[in-house]
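Engineer: What follows is each chain in one-letter form.
2 protein chains.
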Amino acid sequence: MFKLSRLTDYAVVILSSLEKECPNHVAVGFVAEQTHLPEPTVSKVLKLLGKADIVTSVRGATGGYALKRQLGALTVLDVVVAIEGPLSVVACVENAVDSCVLENSCMMRGRWALVNDALKDALGSVTLRDMMQLQCGRRGAAKKLLAEGRI
Amino acid sequence: MFKLSRLTDYAVVILSSLEKECPNHVAVGFVAEQTHLPEPTVSKVLKLLGKADIVTSVRGATGGYALKRQLGALTVLDVVVAIEGPLSVVACVENAVDSCVLENSCMMRGRWALVNDALKDALGSVTLRDMMQLQCGRRGAAKKLLAEGRI
DNA sequence: TTAAATCGTACTATATTTGTACTATATCAA
DNA sequence: TTGATATAGTACAAATATAGTACGATTTAA
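Heads up: the protein sequence lines correspond to chains A and B, in order. The working numbering numbers the first residue of the first sequence as 293 and each following residue consecutively. The working numbering numbers the first residue of the second sequence as 293 and each following residue consecutively.
No lab work stands behind these hints: they were computed from the structure. The structure displayed is predicted, hence computed values, not measured ones. One thing to keep in mind: the hints can contain errors.
The list treats identical chains as interchangeable, and a pair is accepted whether it falls inside one copy or across any two copies.
As the list claims (entries may be wrong) - Listed next, the in silico SDA-like pairs over lysine to any residue satisfying Cα-Cα at most 25 Å (straight line):
{"id": "1", "residue 1": "K312", "residue 2": "A405"}
{"id": "2", "residue 1": "K312", "residue 2": "R298"}
{"id": "3", "residue 1": "K343", "residue 2": "A358"}
{"id": "4", "residue 1": "K339", "residue 2": "L299"}
{"id": "5", "residue 1": "K312", "residue 2": "P330"}
{"id": "6", "residue 1": "K336", "residue 2": "L379"}
{"id": "7", "residue 1": "K412", "residue 2": "A365"}
{"id": "8", "residue 1": "K412", "residue 2": "T367"}
{"id": "9", "residue 1": "K312", "residue 2": "L329"}
{"id": "10", "residue 1": "K336", "residue 2": "R298"}
Please take these sequences and the hints and turn them into a complete structure.
Structural biologist: In structure tokens:
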């Protein structure tokens, strides 16, 4: 149904929680408590975000995760790619030719690239800060976004 | 993985095939032959496109389907919505409150609306004709799109 | 009336996603 | 050095969504 995975939604929640403790590293357990998400799930998401260089991790006792970039410098595209892998709306666009169901008769190969790029632009134009500003009911912020033609 | 369903891809192929016979109604079997897609699947897709008012259908002998709008007046968003239902990137955005997994502690409710709108704009800005023009290797057409800043 | 075509619904197999568990590795502190 | 604690990596079972198919009902031309 053209949906983002639930884990991507969790990622946004978790990143928002990390920002509050910003310069400090916090453990998975603490984040789980703050977000009311199950600990193994939080762990999984943070691992993925770490691989994508969105958060830093420190191992060992007193270790934990911390935000690496500010939310304003982090786009929805970054998060989606971190959790769900490279964006490709249909298998044809980025995968090998032989994975295409229509095989030789496929008249569409590569056509979706246009759509793919448009979606990439769309996701890349919204930062997590934009989302947060709308979230907290700060109408001033929303107005600003509106004035800039971003929403 | 944030993919369009395969049926949506089929829909584009099928619509392209319908255009060739444009004013005439053609039967599912013929379209299936042209597109090398299984007949039941073509039938399913065309039924959905009919409900969305993208194609017209005539029942009975000598009946069939025909394009209702030109491909240039048909956006990818139209097709996606026809096949996959209203666009909502996460359950929170358009569904009832109680379907939200995070329930009362959900700090994100409504936040994705911004992203949702951005994606809608992106999909709504690409017509099927745009896709076709790229498809057939008509470099002139591609150049035109490029000049217009559409790709 | 018959043949040909769409319409509607339901069902099954497959693929994907989600959530969890377990083991290995790294770091700090006593 | 050793133990406690935390992340890293892998693997897997359950739940969900998708894809494809089948079948009977309905409609229309000949």
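Engineer: Decide, hint by hint, whether the structure agrees.
Structural biologist: To see whether the hints hold, each was checked on the structure:
no. : hint        : in the structure
1   : K312 x A405 : between (38 Å within a copy, 23 Å between copies)
2   : K312 x R298 : within (22 Å within a copy, 41 Å between copies)
3   : K343 x A358 : within (13 Å within a copy, 49 Å between copies)
4   : K339 x L299 : within (12 Å within a copy, 33 Å between copies)
5   : K312 x P330 : within (19 Å within a copy, 54 Å between copies)
6   : K336 x L379 : within (20 Å within a copy, 27 Å between copies)
7   : K412 x A365 : both (16 Å within a copy, 23 Å between copies)
8   : K412 x T367 : both (11 Å within a copy, 17 Å between copies)
9   : K312 x L329 : within (17 Å within a copy, 53 Å between copies)
10  : K336 x R298 : within (12 Å within a copy, 29 Å between copies)
When held up to the earlier numbered hints, the structure conflicts with none and fits them all.
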